[in-house]
Amino acid sequence: MQNNGYLEMKLLRFTTAGSVDDGKSTLIGRLLYDSKSIFEDQLEAVEEASRSRGNEEVNLALLTDGLRAEREQGITIDVAYRYFATPKRKFIIADTPGHIQYTRNMVTGASTADLAVILVDARHGIMEQTVRHSCIASLLRIPKVVVAVNKMDLVDFDSKVFDDISAAYTAMINKNGLEFKDVIFIPMCAKDGDNVVSRSELMPWYSGPSLLEHLEQVEIPGGDADSMRFPVQYVIRPISRQFPDFRGYGGRIAQGIIRVGDSIEVLPSGSKSTVTGIWLGEKQKEQAVAGESVCITIKDDIDISRGDVIASDSGVKPSMSNDFVLDVCWLRTSPLVCGKRYTIRHATQEVAGIVKEIEYKLDIDKQEKVYDIEQLTANDIARVHLKTAAPLVFDAYRDNRTMGSLIFIDGTNDTVGAGMIVESYD
Amino acid sequence: MSLNQLTHLNELEAESVFILREVAAQFEKPCILFSGGKDSIVLTYLAYKAFYPAKIPFPLVHIDTGHNFPETLVYRDELVKRLGADLVVGSVQKSIDEGKVVEEKGFNASRNKLQTVTLLDTLAGHKFDCACGGARRDEEKARAKERIFSHRDEFGQWNPKNQRPELWNIFNAKKDPGEHFRVFPISNWTEMDVWQYIYQEKIELPSLYYTHMRKCFYRDGQWLAADPDFIPRRPEEVVEEREVRCRTIGDVTCTGLTLSHAHSLEEIIDEIASTRVTERGGRADDKRSETAMEDRKKQGYF
Ligand SMILES: Nc1nc2c(ncn2[C@@H]2O[C@H](COP(=O)(O)OP(=O)(O)O)[C@@H](O)[C@H]2O)c(=O)[nH]1
Ligand SMILES: [Mg+2]
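Protein chains in written order, with the numbering used here: chain A, 1 to 426; chain B, 1 to 302.
The set of hints was computed from the structure by calculation and includes no laboratory data.
Glycine included, C-beta positions come from ideal geometry on N, C-alpha and C.
The reader is advised that the hints may include incorrect statements.
Facing chain B, a subset of chain A residues (Cβ under 8 Å, in silico) [unchecked claim]:
hint: 1; residue: Ser111
hint: 2; residue: Thr112
hint: 3; residue: Leu115
hint: 4; residue: Gly250
hint: 5; residue: Ser271
hint: 6; residue: Val289
hint: 7; residue: Gly291
hint: 8; residue: Thr402
hint: 9; residue: Ile407
If you anchor each label on the Cβ, the simulated ranges turn out as follows [what the hints assert, rightly or not]:
hint: 10; chain 1: A; residue 1: Lys317; chain 2: B; residue 2: Lys161; range: 56 to 66 Å
hint: 11; chain 1: A; residue 1: Arg247; chain 2: B; residue 2: His263; range: 29 to 39 Å
hint: 12; chain 1: A; residue 1: Lys283; chain 2: B; residue 2: Glu266; range: 15 to 25 Å
Bound-form chain B, shown alone:
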C-alpha cells in the first residue's frame, strides 16, 4: 500500500488533532474560545475527537457581547451538555457596567472592539494560560502571518515583527508568568475545507447557517439583521423580509447576511464554490482600515 494517501481533509484533521494534544500536554490551563460560529464548532468537534473517549480536558469560553442570535445560545448550551464540557461566559455587558469599557455610539456602533477587554479579563480571571481559537489564515491578511502557537505578552499583545520561528511541527509553548498563548489549530483550513469537513463528518450546525426568512435591512453593500433588533437604523433604511443565511456568525451587529436558497450542506458548498467575495467581505469590523485586523490583534484581539 502506498503512503501519503491521506485526503486533504484527513491531513488537516490530523494536523489539528496533533496541535490540540500539544496544547493539552504543554499548557497548565488552556481553554477553547467558542463563538458559536462554524469555525469554533469545528474546532470543538476536533477537540472531542482528539481526546475521545476522555472528555475535552479544557473548558469552552464564550465572550458574550450581549448581541446574540438566540439560535447561537441554544446551540451553545446543547453542545456543552452533549460534550459534558465546562462553559465559561465572559460578558461584555458586565465590562460596560463596571466602567471598564465605553460603548460606541452611532449607527455603526459595535461591541466587537470592546470584546478584547472582556476577553483579556476573562483569561486573567480564570488564569488561563492558553486560548485556542478557530481563526484561519485564509480569512484575513494579518492572520495569514500569524503563528499557530502565537505568543502574547502580559498585556495580551501580539508582536508581528518579532514572532517566534515555528518549524516543522515542533511547538514551543514556553513563557514567563503572566504571559499567555493564543493557539490556532485550524490555521491551515480554508472556508471550503471547513464546509467540506462539516459535510464529511455530518456535524450539526445552528439553523442560522441554512437559508431562512428573516427581517433585515440593507446598508453599505450588505444585508444586516433587524431581528434581533440590535442595530439602530437610519430613517431611510427599511426593514424587509428576505431569504438569507449566515456565512460566518459573530455578534449580530457585525454579521452580514447572504441572500441564499441553500437549504442543505451540499447546496451551501456549491454556493461557496461559486461565490466571488470572501466571508469577511461581509464583516463591518474589517472594513474600518487596511490594517484593521493587525491593529486589533496588537491590542490583544483574538
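Chain A with its partners taken away, still in its complex shape:
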C-alpha cells in the first residue's frame, strides 16, 4: 500500500473568521481544490450551480455553503465542516459565517480550533467584525492565528497595503490586550490561489510561507503534562461471568498522562487510590495521554460516578468552587438575565447556576468596556459573576479548555451561552 505512512498523520483543526465577503468560503474552496480534495462530481455540481446563478466564474464558496438558504442568499449562515489531507497532515476546517447575527456560529467553530485564519479584505482593512472575531479568537484561546490579507489582486499586489494592514492589526491586538502569542500575516488572493497552496510570483516582496505550508508545519502546544485530568463520563460494569467484579471508569483524558501504578485523587471527595488498569476495547495499555478515551480501573473500592474528576496526586491540583469569574459569549436573542436560573454543563457535570452580576460587556465597535449592564443579548461578550448550586471541579480556561469551559442551557432546553472560567470569585 502506497499510503502506509498516511496512517501516522496528525490532525489540525482550524477555523476561518473575518467580515462578510472577505473571502472565507472562497479560501476554503481554494484549499480543497488545490489540494485535490474536490472530486469531479462535486466540482461539476458547483460549476452547474454557479452557471445557474449567472456567475461567470466558478464560485468556490458554493462548495461549503451547502444549505438552501445559504445558496439563495449567497452567504454563510451556519458552520460547515470540511476535510482535507496532504501527505503531511490532515485538516478539519470549520467555515464560519461573517454576519454579526451569526457570530454565535463563529464561536461554535472556534471552540475546537487549534488555529484561526482571520481574513481581511485588502481594500477595506480592519472592520468591526475583524475586531469582534479577533476578540473571540483570543477569548476562546485559539493557540495560533494567521491574518490573511486577501484580495491583494484588487490593490495591485501592493506591499504597502499589506504592511499597513499588518501594522494596524498589531496595534489593534495591543489596544484590546488580545492574548495572541503567535500571529503571522500572509498576503493572499484566495480567488486565484496566490499564497494559498504555493507561493505567489505576483508578490515577490513577501518571503514567508504560503498558508498551506504554514498549516502543515505549525506546532500546537500541549497542556501541562504533569497534572493529569480525567473527568469521569460513564461507569462501566459488565456484570458478566467473565468479568463479575469489573468496575471501570470511562472518560477522555483532558490533560497529562495516566500510567498504571500512578497515584490518583478523586474530586470532589478527595479519596485517593492507584491506577490498576487502562483499557480501550479488548486491549490493555500501560499508559494513555491527553486526548485519548479510555476505561480505567483503580485499586480501591471508592464511590466514583459521572461528574467526578480523577486527577494525578502530583502536579497542580484542580480547583473547586461554586463562585466564578466568567467570560461569557451570549448566543441567543433571549437575554441573559441576572438572577435567572440556568442549567450549567461543565465537563461531565451538570448543575444549576445563576449570574449574580454583569461586571462589564465589551463594546467591540468602540473597543472599550461598558459597565452597569443588566442584561446580555445575542452575540454579546461580557465578564460576569456566576454562582452554581454545587461546586465544580475545574481549571481556569486559559490552562485547560475542557476543564475551564461551560455552557448555559435555559428552560427551553436550548444552549444559550458559552462560558470560560477565569478564576474562582472571592
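For this one, chain A is given, so just place chain B with the ligands on it according to the hints.
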C-alpha cells in the same frame, strides 16, 4: 514525552468513543442505526470498544427496505450474535402493506424515501429517544452543516436554520417529551479515515466491499446490480457480468457498483486515494436535486 502525539485515527477514535459514552450517559433509550454499510459497521465497532468489557448498552436498529444484498443480512446477523447485541428490524415492506406509504413506480423507483416513515415509526414504537447514525460530514453538503447531537422535533424534523450551538465537546441532550435526537459519532471522519481505520483495526467487512463477479447493468453513468434483481430494466439495458465492488452499501436500488480489481484493504485504500468521484456520486437518491439531502433531512431522514 511530548503530548499531542495521537495520530489522526486515534484522535478520531477517541472523539467518537467520547460521543458514544455521552449518548449512554445522557439518553434513556438510545439505539444505533445499522445499515450494513461500512460506516455503521465502524460505528458499531467503536461502540463495542467504548463499553468493553460490558456489552453495548443499546440495541442495533436496521431499517430494512426489503431490497437487500443477501450478504448484508448474513453479516448483520453474525455481528449481532458475536456482540451479544439486541437487533430491532423496522420493515419498509410492512409500512407499505399497512398503507402508511405508497411505493414509487417506474424505472428509478426506490424505497429510500419511504424509509423515513418506517424509521420514525420504529423509533416511536420502541420509544427510542436517540438514534446514532454513521453519517459523515464529508459525504454531503447538508451533512457538513449538521451538529453531532442533532435535535429533532416531535415529527422527527431537522431545522437547519436554528440548530443548537455546539461548543467544545459539551453536548446538550435536553429535550421535551416526544422529541428525540440523532447523534453522529463519526461526523468528523472522511471516507479515507474509515478505510484506514478498518485496515488498522482489521475489521471484518461484508464480502460486497471486495471485488467480485456480479451481474449488473449500466444506467445514467453508473453500474447497478441485476443480482439480486430488484430494479426494473429498460429494454436496451443489457445485463453483463462484471468485476465490481461496492464503495458504499445501501439498499440495492440505490447502490452504485464500482468497476474494480481491489481484492484487499490495501488495494481498496490505494483505489480510493486515486479516485476522482465521491462515494455518493454513485447514489441515485442525491442526484434528484441540488438540495435533495437537506430536504429529506427536514422531513426526518437519517
Ligand atoms: N478579486 C477577488 N475576489 C475575491 C477573492 N476572494 C474572494 N473573492 C470574492 O469575494 C466574494 C465573497 O467571497 P466569499 O468567499 O463568499 O466570502 P465570505 O463571506 O468571507 O465567505 C466572492 O464574490 C468571491 O469571489 C480574491 O482574492 N480576489
Ligand atoms: Mg462564507
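Which of the numbered hints above does this structure break? 3, 5, 10 and 11
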